[in-house]
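Novice: These are the residues of each chain, in order.
There are 2 protein chains.
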Amino acid sequence: MAAAIALSGRGRGLSTPNPNVGCLFVRDGHVVGRGWTQKGGRPHAEAQALEQAMDRAHGATAYVTLEPCFHLSPRGPRCADLMARAGVRRVVIALRDPDPRTDGQGAQWLRDHGVIVEMGLMADEAARAMSGFVLRQTLGRPHVTLKLGLSLDGRIALADGRSRWITGPDARAHAHVERARHDAILVGGGTLRADGPRLDVRLPGLEDRAPRRLLLTRGDPPAGWEKIGAPEEIAALDRVDHLLVEGGAGTAAAFLRADLVDRLLFYRAPVIIGEGLAGIGDIGLADLAAAHGRWRSCDTRMLGADRLEVYERTRSA
Amino acid sequence: MAAAIALSGRGRGLSTPNPNVGCLFVRDGHVVGRGWTQKGGRPHAEAQALEQAMDRAHGATAYVTLEPCFHLSPRGPRCADLMARAGVRRVVIALRDPDPRTDGQGAQWLRDHGVIVEMGLMADEAARAMSGFVLRQTLGRPHVTLKLGLSLDGRIALADGRSRWITGPDARAHAHVERARHDAILVGGGTLRADGPRLDVRLPGLEDRAPRRLLLTRGDPPAGWEKIGAPEEIAALDRVDHLLVEGGAGTAAAFLRADLVDRLLFYRAPVIIGEGLAGIGDIGLADLAAAHGRWRSCDTRMLGADRLEVYERTRSA
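If you're matching them up, the sequences are chains U and G in order. Take the first sequence: its letters are residues 340 to 656, numbered as in the numbering used here. Take the second sequence: its letters are residues 340 to 656, numbered as in the numbering used here.
If you're looking for bench data, these hints aren't it; they were derived computationally from the structure. Be careful, since some hints might not be right.
Just so you know, same-sequence chains aren't split out, so a pair can sit in one copy or run between any two.
Below, simulated SDA-like cross-link-like pairs (lysine to any residue); rule was C-alpha separation at most 25 Å, straight line [said to hold, decoys possible]:
(1) LYS486 / VAL649
(2) LYS566 / LEU353
(3) LYS378 / GLU390
(4) LYS378 / TRP504
(5) LYS486 / GLY589
(6) LYS486 / ALA644
(7) LYS378 / LEU576
(8) LYS378 / ARG640
(9) LYS486 / HIS631
(10) LYS378 / ALA341
(11) LYS486 / PRO560
All chains should be built: construct the whole structure from the sequences, respecting the hints.
Specialist: Quick look at the structure:
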């Protein structure tokens, strides 16, 4: 299942409007098919893995990060039906599909056709890998990551706005991979005016993965940019399950104040700036007790001289 | 030698005016004596270890973090002479004593009396363990650690000054151990007025380890506090080899601006404060390039929910 979850990551930021599912077929101890939801949502991971496995799917065990779909669609076949017809012996599912059009019916269909079904293996990890889809289903909004490149003392620029560069090339390359894993990227008007960020993916082989560009502004957006007027408007964005907020301080604060940040992605450079621009503005914190218990460290590692710090929200969303 | 260096840590913050040396005697594969420089500087580590070893020092190997002293003192015997008389077979020394009254003469005396002497094993680690003594000898000033309890975004308090508590009990206990390892603690006038810190060591068994209290101020210090008017005045402090600067932002900035910080000790809580008091004020940074290459991460670990981040200066002091 861990391998299937890893595969699911390949569709992240590409698979909307469908969840980025990963799927693996194993027979006689060998992997006979691998799949992940493709760009635009089709083919589904299971269909792709089945196509690879061909006859070898017969009698195989499938590991899939989300319950195979049951609902009819003009865009493709029902995966639960496909798998039953292929003679799959056993299907191990991480997460039950919260979509009411499936919601247990895919698993039931498989069982009704003699397939052994197990549900719940590594469900938390799968939910994290498909967090955008899960939040879209449960809260009706995208999963939001706030990314900042910070000094040890929490600054993102000198007092005059200069910010090139605080972090090093390894951290910046990592941030570009993160961009490729998101459907859309958002900055505030101040950052656009100060930095004129391109927000593209400047990595060999990933140049075409540039996500949509959103601007948090009260005014009109420039060409190539979509506008949202307030953080809450992200719920209405079509085909955005994973949103990356890249600052500046006012935009970061606006999303935190609205309690619309699910993950913090901080690149911490080993520098001290002192007086300069803070990474995060006024979030309306009334007392320190209210600041505690909201974030849990879930990953940290060195990227060159910089430290990556990833936190996820602990409170129920 | 690693064990001798660990022993040397026990005298840190206590041994001034003498260096916090550690010493270990080994014979036939057994440790027969252990010592570290005692409170006020006497007995020396070697003398203490010899007293433990007694007759077993004959033919033993001694591991000592600093070259045994050679100079005559009314306060105690010369360690090089003591060791030669005891019939020690071999002395392994980490660091040559930069004090001109010894500076190689201790090792020579041992060699002249038939003792095998090796010098330089783990010299860097020993220098770090005795950093206050080394800086006092080379730069004529104490070793300075800047300690701050910070939020993820580099804040040390809410905008109105409230700072209790940003970090948790494990981090605060660790900070109290660090206090016990320093000869003196320094805060700025603003911190004294705002927090009225006691700067004592609130740990069972270490209550008597409260270091001297220094105040960076232009005015008169209250009772129990010594005053310094500028960071550079630390060079003149008697019997202070290890100084802990605990803030606030102006004091931290003053020491950084004067390039008088050797080690950063940051307790980073998993909280976001947003608008609040910055941990570090204006350090006079002209451009970002000048901020780079100055600090190297040398330790990090979790203390409860908080992360300890230790950096040491990379530039030559």
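Novice: Next, verify each hint and record whether it holds.
Specialist: Results for each hint:
no. : hint            : in the structure
1   : LYS486 / VAL649 : both (9 Å within a copy, 24 Å between copies)
2   : LYS566 / LEU353 : within (21 Å within a copy, 63 Å between copies)
3   : LYS378 / GLU390 : within (17 Å within a copy, 77 Å between copies)
4   : LYS378 / TRP504 : neither (33 Å within a copy, 47 Å between copies)
5   : LYS486 / GLY589 : within (13 Å within a copy, 29 Å between copies)
6   : LYS486 / ALA644 : both (18 Å within a copy, 21 Å between copies)
7   : LYS378 / LEU576 : within (18 Å within a copy, 68 Å between copies)
8   : LYS378 / ARG640 : neither (30 Å within a copy, 40 Å between copies)
9   : LYS486 / HIS631 : both (20 Å within a copy, 21 Å between copies)
10  : LYS378 / ALA341 : within (22 Å within a copy, 56 Å between copies)
11  : LYS486 / PRO560 : within (22 Å within a copy, 44 Å between copies)
Against the hints set out earlier in the document, violations occur for numbers 4, 8.
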